[in-house]
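With the sequences and hints as input, model every part of the structure.
Residues in the sequence shown are numbered from 84 upward in steps of one, following my numbering.
None of these hints come from the bench; they were simulated from the model. Bear in mind the structure is a predicted one, so any value in this text is a computation, not a measurement. Where is the CB? At the ideal position from N, CA and C, for every residue including glycine. Check each hint, because a few of them may be wrong.
To be verified - Cβ pair distances, simulated, as ranges:
hint, residue 1, residue 2, range
1, 155, 127, 42 to 48 Å
2, 121, 163, 41 to 47 Å
3, 150, 127, 31 to 37 Å
4, 150, 105, 16 to 22 Å
5, 125, 97, 39 to 45 Å
6, 97, 155, 16 to 22 Å
7, 151, 124, 39 to 45 Å
8, 152, 128, 33 to 39 Å
9, 147, 104, 17 to 23 Å
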Amino acid sequence: PWLILSEVFPVEVIGAASALATAVMWLCAFFVCAAFRSLQAILGASSVFAIFGGFCLTCFVFVTALVPETKGKTVDEALETLRGAASKAHELESKVAVGDGL
Numbered sequence: 084p085w086l087i088l089s090e091v092f093p094v095e096v097i098g099a100a101s102a103l104a105t106a107v108m109w110l111c112a113f114f115v116c117a118a119f120r121s122l123q124a125i126l127g128a129s130s131v132f133a134i135f136g137g138f139c140l141t142c143f144v145f146v147t148a149l150v151p152e153t154k155g156k157t158v159d160e161a162l163e164t165l166r167g168a169a170s171k172a173h174e175l176e177s178k179v180a181v182g183d184g185l
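Next up, the structure:
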């Protein structure tokens with residue numbers, strides 16, 4: 084997450100957006116740590132690790148399938164690539180909602 088933050092946000096808002104994203108990541112880490120012992124007592128260690136492993140696998144699939152490669156691109160080129168991917172995802176979502184195209 085730390086590396087992708089600089090590529091996702093436009094230069095104009097990168098400081099504030101990165102700070103907010105970092106705060107959200109630390110908040111999520113806090114909730115994982117706070118919930119771990121309670122979940123372990125209720126579900127058992129194997130189940131808790133399986134749940135967290137499932138989240139990790141879901142994130143891995145998301146990143147490999149939907150996050151475009153930006154290696155060797157300038158910030159503006161990377162943002163344009165991300166905007167293009169978002170536009171294609173929105174078009175697909177619209178087609179699925181209407182019921183045509185698939």
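Cross-check of the supplied hints:
1. Separation of residue 155 from residue 127 is about 46 Å and conforms to the stated range, judged on CB atoms against 42 to 48 Å.
2. Taking the beta carbon of each, residue 121 and residue 163 are about 45 Å apart, inside 41 to 47 Å as hinted.
3. Remark: the range hint 31 to 37 Å for residue 150 to residue 127 is upheld by a beta-carbon distance near 33 Å.
4. Checked against the hint of 16 to 22 Å, the C-beta distance between residue 150 and residue 105 comes to roughly 18 Å, which is consistent with it.
5. For residue 125 paired with residue 97, a C-beta distance near 41 Å keeps the hint of 39 to 45 Å intact.
6. About 20 Å separates the C-beta atoms of residue 97 and residue 155, a value consistent with the hinted range of 16 to 22 Å.
7. Roughly 42 Å separates the CB atoms of residue 151 and residue 124, a value that falls within the hinted 39 to 45 Å.
8. Take residue 152 and residue 128: their Cβ atoms lie about 37 Å apart, and the range 33 to 39 Å holds.
9. Distance hint check: the CB atoms of residue 147 and residue 104 are about 20 Å apart, consistent with the given range 17 to 23 Å.
Hint check: no violations occur; every hint is consistent with the structure.
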